[in-house]
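Student: Next come the chains, spelled out residue by residue.
Number of protein chains: 2
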Amino acid sequence: MKTRVTELLGIKYPIIQGGMQWLSRAEFAAAVSNAGGLGIITAATHPGKKELVEEIRKTRALTDKPFGVNISMLPEVGPGDKTMEYVEAVIEERVPVVETSGRSPEEFVPLLKKAGIKLLHKVPAVRYAKKAERIGADAVIIVGFECGGHPGMDDVTTMILTPKTVDSVSIPVIAGGGIADARGFVAALAMGAEGVVMGTRFVATTESLAHPKFKEWIVKAQETDTVIIQRSIRNAARVMKNAAAAKVLEMEARGASLEELLTVISGRVGRRALFEGDLEGGTFAIGQCVGLINEIKPVREVIEEIVHGAQEILSRLQKILAQS
Amino acid sequence: MKTRVTELLGIKYPIIQGGMQWLSRAEFAAAVSNAGGLGIITAATHPGKKELVEEIRKTRALTDKPFGVNISMLPEVGPGDKTMEYVEAVIEERVPVVETSGRSPEEFVPLLKKAGIKLLHKVPAVRYAKKAERIGADAVIIVGFECGGHPGMDDVTTMILTPKTVDSVSIPVIAGGGIADARGFVAALAMGAEGVVMGTRFVATTESLAHPKFKEWIVKAQETDTVIIQRSIRNAARVMKNAAAAKVLEMEARGASLEELLTVISGRVGRRALFEGDLEGGTFAIGQCVGLINEIKPVREVIEEIVHGAQEILSRLQKILAQS
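For the protein sequence lines, the chains are A and B, in the order given.
With the working numbering, letter number 205 in the first sequence gets 212, and the count goes up by one each step, no holes.
With the working numbering, letter number 153 in the second sequence gets 160, and the count goes up by one each step, no holes.
FYI, nobody ran anything at the bench for these hints, they're computed from the structure.
In this text the structure is predicted, and so the values were computed from the model without any measurement.
Just so you know, not all the hints are guaranteed correct.
Which copy is meant is left open, so a pair is good if it fits within one copy or across any two.
Within a straight-line C-alpha distance of at most 25 Å, the following computed DSS-like cross-link-like pairs (lysine-lysine) qualify [claimed, not checked]: (1) K138 with K227; (2) K304 with K72; (3) K326 with K72; (4) K326 with K9; (5) K227 with K137; (6) K227 with K121; (7) K220 with K304.
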């Protein structure tokens, strides 16, 4: 497959595994890259520069294909802002690709560019996509309201954000939110995206580090089994609908402080629950496309099914549109 | 173009103009049908059977192509349920297609079928789509969270609802919500839909009866300029973000009764404002795809641009996917 995204990143298929806190580790990201997509490890999973450097080296040992590092600059990353440490790590290790999210990575762009790193900035609104282009991002990832994790505060969906972003910037657009199979992939390309980012679909893979109970939940869950929390702190997050999420909504309704909320939403709480298989004990980023996922399968199969499925869809579209 | 929807309805392109209160009148619907889509007039715009029969005859005089009648069975239709009157009108006039929405049309299905009428039932969730199939609908229209009007209470988007509905029923699926141009059209087809329904795009056409001020507003509006109201009465509606919508949200927040809400949301209030060009004076169904609409143009151009645009997108997809 050939788009400006495959060219830019040097990958076979324009399928990117979005950075997922705790889960996007070396083995997992390398599996995605080895299958022809772009695997991304997550900086915030690591306490500091030293550990991230180790993880980057581990990833490099597991794949000779390009991979990326997600540097999330959201407030909930952890106590103390490690962004500069993470940036130093990716620069020193000459990581091929960096995915940033949260606030604008403007101040780090010259450093990243100088190191020859390709920058993908992930945003939930068109105005931020324009800014991403202005500050020098090589491509922009636009995520819709249906995405797991942080869909922004505007509640605008992938069907609108994708074509609108394509109309609004000149750099390549990568679409995320609601994409779990070949149908979403081709839909995104039809709307002008040159690549897709997927998170939820990759959580339910053989290689994913999520506790088996989470993977089983994903297989059973419906599209109505997610909910948006954290609106009160202007950091909306789409998560699994569980006891912890209900607790957060209840706390937000009565005007709880960030400090109080952190007793439920903090990364430490989530990490423990995620790895112990405590389905109710933390808040977990999950997209609405959870309702489209019916099977746990290896990363390679997920990607190959998209690649083959896309061909079938193309044939179907040709038949439908042939007469017009 | 050929899908089960074009075959079922006997239309050239699988593009349906969804029923729009006050706006979907004979001339307008006929323009859509004459351009190769399916125009739909709205029963609830008419006080009773006699007036609807007149409108159907007027439509028939303006087009020899198939057209439809929307029979909305939502509570806000007006004082007194006219559903049976409307059903009698479409049966006596042998209207080719009926689009139902709101509650299940189950009780009317035998009558409609006996009259040879094709039934499209419009729903905002997969469970209702399954029910539509069970009760004998010929096709199901599934609308996502981004749609104007009534997106249901689940907040699930078109990117998920379309493929999930295709997986869940055997009858043809028509997708709505977020579709305003060829990109959304091909995306919907890629996700397995066999037709699309559009509302907002058709409001900003030369033939639309909306006051010019509304059409101009649509051209200028962004995808963030809509809002969901009426959640408190479990009849969520996506409308233009204006003073009336803000007023409704404020009333809902303080627990206003339906009676109080009706002083702002009633059809009479909306109709007056719509035709007088009072942009703040009523609540108006508008989808998020308003952010994708930049020009007022004739219905025929809207449809032809989709048809031609689809070919261009197909060529682009062929190039992208050729190498894989």
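Student: A separate judgement is required for each hint: does it hold in the structure or not?
Tutor: Results of checking the hints against the structure:
Only between protomers do K138 and K227 lie at most 25 Å apart by alpha-carbon distance; the minimum there is 21 Å, versus 39 Å within a single protomer. With identical chains, the CA atoms of K304 and K72 are at most 25 Å apart within one copy only, with a shortest distance of 22 Å there and 49 Å across copies. Taking the closest pair of Cα atoms, K326 and K72 come within 25 Å of each other only across two copies (24 Å); inside a single copy the shortest separation is 36 Å, beyond that limit. For the homomeric pair K326 and K9, the shortest alpha-carbon distances inside one copy (23 Å) and between copies (8 Å) are both at most 25 Å.
In this homomeric assembly, K227 and K137 come within 25 Å of each other (Cα to Cα) only across copies, at 18 Å, whereas the closest approach inside a single copy is 38 Å. Taking CA atoms no more than 25 Å apart as the test, K227 paired with K121 passes in neither setting, with 46 Å inside one copy and 40 Å between copies. Taking identical chains as interchangeable, the C-alpha atoms of K220 and K304 lie at most 25 Å apart only when both belong to the same chain, with a minimum of 15 Å there against 53 Å between chains.
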